[in-house]
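Q: Now for the letters of each chain:
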Amino acid sequence: MKKAKILVTIFLLSFILTGCWNYHELNDLAITTGIAIDVKDDKYIVSYMIANAKKNESDSNNSEANTVVYKGEGNSISAAYIDLNSKNPKVPYISHLEVIIISEDAARQGVNKMVDFLMRNPESRKEFYVVLSKNTEASAILETLSPLEAFPSENVAKNIVSNQNDQSTIVVEQYSDFISKILKEGVNPVLSGIEIEGDEEAGKSEESLKSSTPSSSIKIDTIGIFKDDILLGWANHNETIGINILNNEVGSVLLEAKCDDQYMASTLTNVTTSTDIVFENDIPKVSLKINAEGALVEINCKRNLEDEKVIEEIKKDFESTLLEIVNSSINLAQNEYKSDIFGYGDMIHKNNLEKWKTLKDSWDETTFPNLEFDINVKISLSSKGSFEQTIMEAKNER
Amino acid sequence: MKDKISTLQIFSLCWQIILSSAIGIITYITIFTVKQDGWISIIISCILGLIPIILYLYLMKFRPEMNFMELNEYLFGKIFGKILNSIIVILIASYIILYFYDLTNFITSQYLHKTPNIFVIFIFIIPIIYLLLQGLNVIGRTSFILFIFGLILLILTIMGLIGQVDINNFKPVLENSFGDIFNTSLTIIPYTSLPLIMLLCIPHKNIIDANKLNKRVIIAYLMSFIILLLALIFVISVLGPELALLYQFPEFHVLKRVSIGGFIERVESTLSLRWIFYMFTTVVFGLYFIMQYVKTTFQVRKKNILNFIVIIISIILLMASNWIFKSNTQSNAMILKVIPIFLSVISLGTIIIMFIRIKTKRY
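Chains as they are written, first to last, in our numbering: chain G, 1 to 398; chain S, 1 to 363.
Extracted from the complex, chain G is given alone in its bound form:
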């Protein structure tokens, strides 16, 4: 009797332990690693970059990308997704999504209407990069092939990571953090912008990969400034670096300073900005202390680098250059866009709630644009590289 019970139980269990409901075989999934969102005639155009396309499977080599981009159109992102799906024989699978690109035009209309679909979708992990496309359609970025990476989305993702470490002209913003910043009081988000350099159409062709000079490539060198969820405009190269310094989001920065009629350059590492907000007669004043370790990487003018006074002068030149960069960023945020992208309002909200209650309503329009700053920049120039002298100075001595 007991054996019969066990057998019946095993028989019954066999029906429910066969696997998940609505499971999909790997072959039936279109692994999506990049999504682009464009707006055209008040409709969303959503592009999915499928990483496991079968094209060229038989004769593919390492430089050829087996990717395909599908596009769909609709009044909402989900409608565009369904439209896209009707053209695609596989089921899009977005758990491996690396990057989402929002076009400049779409971002200028506000991103809140676009972000819900991916946040709500249980398949989406929400931990992917979000960037903007500048002067081009977002889908074009997903279609621009790179000779160095298999997928355009991977090309963007790796560019973001390497840029953060080496150039600091990028904001490494993950999707959920970006949305968190939109929701927070007293801070506005920023997002990196990607441009395409070269022939956009030729860059989509695999022919361009066979050439030693790619027809086009992507460039990440600017930051888009938002107020709430609306893109207001862009920061240039130096302003971008300044914004990242003030937000404590830099790896290393290459700083150029005038040296006679030539240039000298220093790589700054361990750049830290400590921020303190004090109230003088109920008016907030921001005190910034920027510290960095510098290494002289190039100097093309005549200077005696063995003289401590000269080193001190060079250091001062770099400090004033850095101060200019930071000031230009503050000026951009305060006067041009009136957008607190540094989160000073958030700092007051968190540390001085009573004061924030009085400032909250006027923060973006009046208080932030009129904030006073006291900026102190300190660079310790500790390394000169392999040379003790400059070439110019050495030639002069000889």
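Please note: incorrect hints may appear among the correct ones.
[As the list claims (entries may be wrong)] Covered by chain G, according to a simulated footprint, are these stretches of chain S (three or more residues, beta-carbon under 8 Å):
id, region
1, 54-65
2, 112-124
3, 159-173
4, 271-283
The set of hints was computed from the structure by calculation and includes no laboratory data.
From the three backbone atoms N, C-alpha and C, an ideal C-beta is built for every residue, glycine too.
Position chain S against the provided structure of chain G, taking the given hints into account.
A: Relative to the frame of chain G, chain S by itself:
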């Protein structure tokens, strides 16, 4: 031996009963009502919740040979005792329905979002009924094994998230009024300390090392609250209150950020298994309470009949979770407003009446 249980197993039961409300209930209540100040509410509710725990332990010891149902009949007489027991069983059934809905909703919304609820319910019904029919000893041992697995997953979670904690997310402190914070702590108690009333279905004499009972229950209670606090700290400090408020199960979404040594990642499904263990154990033990009620109140002595009744009740209650709550919007509204009052009035009311009855020696 079949009805015996050790205090370590009771420890694991307490731990799991309290923490079964960690996902979808406690974090939801605290974040929804007082956001980053939720940690204060949890500490207050831990202190206040000790009162019912002490009362439960007192009642367990009062007549060691009796379970809760027998004690009520002893204190209030056959008829009134049975009525009181039936009211408490409605309370336990509410817990079972709520926790089981929470369990299936968590699974179908986060893991198997295209799977019908009824299918998930069916998968759980089989082991739940199997455990019930095996008796207290097997329930205790299963609970302890799941507790150990859960503990390992918890340690991995802490290791993976500790580096991402941003204390700034707790600021501004006391943005909400103390009244709101206190109200939230009162809302938490019905989901943390009050469900431990289920333990009263075990007669004190059936506890193997009963002299350690008080100590182990209190330690389990305090440690569970530390874990509840840690869960909230991770959710708020890693996601931030704004994002935490958006998610249906922020505790699950914070697990997506777990990274141990840069190579153990994308493990949220595995790490969240511990909540499934907790809710499963609580549902099983709640049904065991109802089984004891049926056995005592209706004097069902024949094992086959008892088993049949328990199977039917279990299936009805577990299926009811799918019928009662039409959506999680409805369950959330009830979790916040209706259920805490209902649970508090019934369980605290009963316990206080019992305590007064004992103290005034009117039995």
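Q: Among the hints numbered above, which are violated by the structure, and what are their numbers in rising order?
A: Those not satisfied are hints 1, 4.
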